[in-house]
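For this one, chain A is given, so just place chain B on it according to the hints.
So the chains spell out like this:
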Amino acid sequence: EDKVVQSPLSLVVHEGDTVTLNCSYEVTNFRSLLWYKQEKKAPTFLFMLTSSGIEKKSGRLSSILDKKELFSILNITATQTGDSAVYLCAVGRRGAQKLVFGQGTRLTINP
Amino acid sequence: GAVVSQHPSRVICKSGTSVKIECRSLDFQATTMFWYRQFPKQSLMLMATSNEGSKATYEQGVEKDKFLINHASLTLSTLTVTSAHPEDSSFYICSARVQGAETEAFFGQGTRLTVV
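Keeping their order, the protein sequence lines are chains A and B. So the first sequence is numbered by our numbering: it starts at 1 and just counts up by one. So the second sequence is numbered by our numbering: it starts at 1 and just counts up by one.
Bear in mind the hints are in silico, worked out from the structure with no lab data behind them. Hints may be right or wrong, so weigh each one.
Stated by the list, open to error - Pairwise CB distance ranges (calculated):
no.: 1; chain 1: A; residue 1: E15; chain 2: B; residue 2: K66; range: 40 to 48 Å
no.: 2; chain 1: B; residue 1: G16; chain 2: A; residue 2: N29; range: 39 to 47 Å
no.: 3; chain 1: B; residue 1: T114; chain 2: A; residue 2: E69; range: 17 to 25 Å
no.: 4; chain 1: B; residue 1: T17; chain 2: A; residue 2: G95; range: 15 to 23 Å
None of the values given here were measured: they were computed from a predicted structure. By construction, the Cβ of each residue, glycine as well, lies at the ideal position given by its N, Cα and C atoms.
Chain A with its partners taken away, still in its complex shape:
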């Protein structure tokens, strides 16, 4: 059975800290791994990763995929209170349109 596991499930840090969120997966016919940020409504897209070892970066956020060890990390540096959200990891499979989601990591940034 396909599985996506995120850790930690919950994280509370102070503004300015750096955080690393983890996502490991076990899926057949892996195609891509996606990160989303969800605040109060629908998830917004952050990154899509398909190749190992290539870091994707957007401002203070970055992510990398390790297809050998079957995991990805999402880094957020110099965190701000606006980064508080649930971060979702999802995996897409070849030949399938639907995504398999992890449980999410609830990140809280305290001022």
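Below, chain B without anything else, positioned relative to chain A:
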């Protein structure tokens, strides 16, 4: 990026009534759309995959007679919660991916359903 519009964003209905939620892809054709349910502080739970012109594929444990899905055109899928009960109260989200393209899934804004 592509836009998916979901309507309504919030609805309150009485027990026993039915509620229809619409999901539209505004600038691309979506032969496949997905319907999720999300309980407070939990992740997205896939309910069903909506296929244009054919029957939806429901995930295990989801009642197809309770959650009716219609995908009559390449840009519109609807989810109807029939004979709603308070336990159906939840956040419902649709998403779509551009067919055949290596892209992310685009999500609608979500619908918060409250059954009283």
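Hint by hint, work out which the structure violates, then give me just those numbers in ascending order. 3, 4
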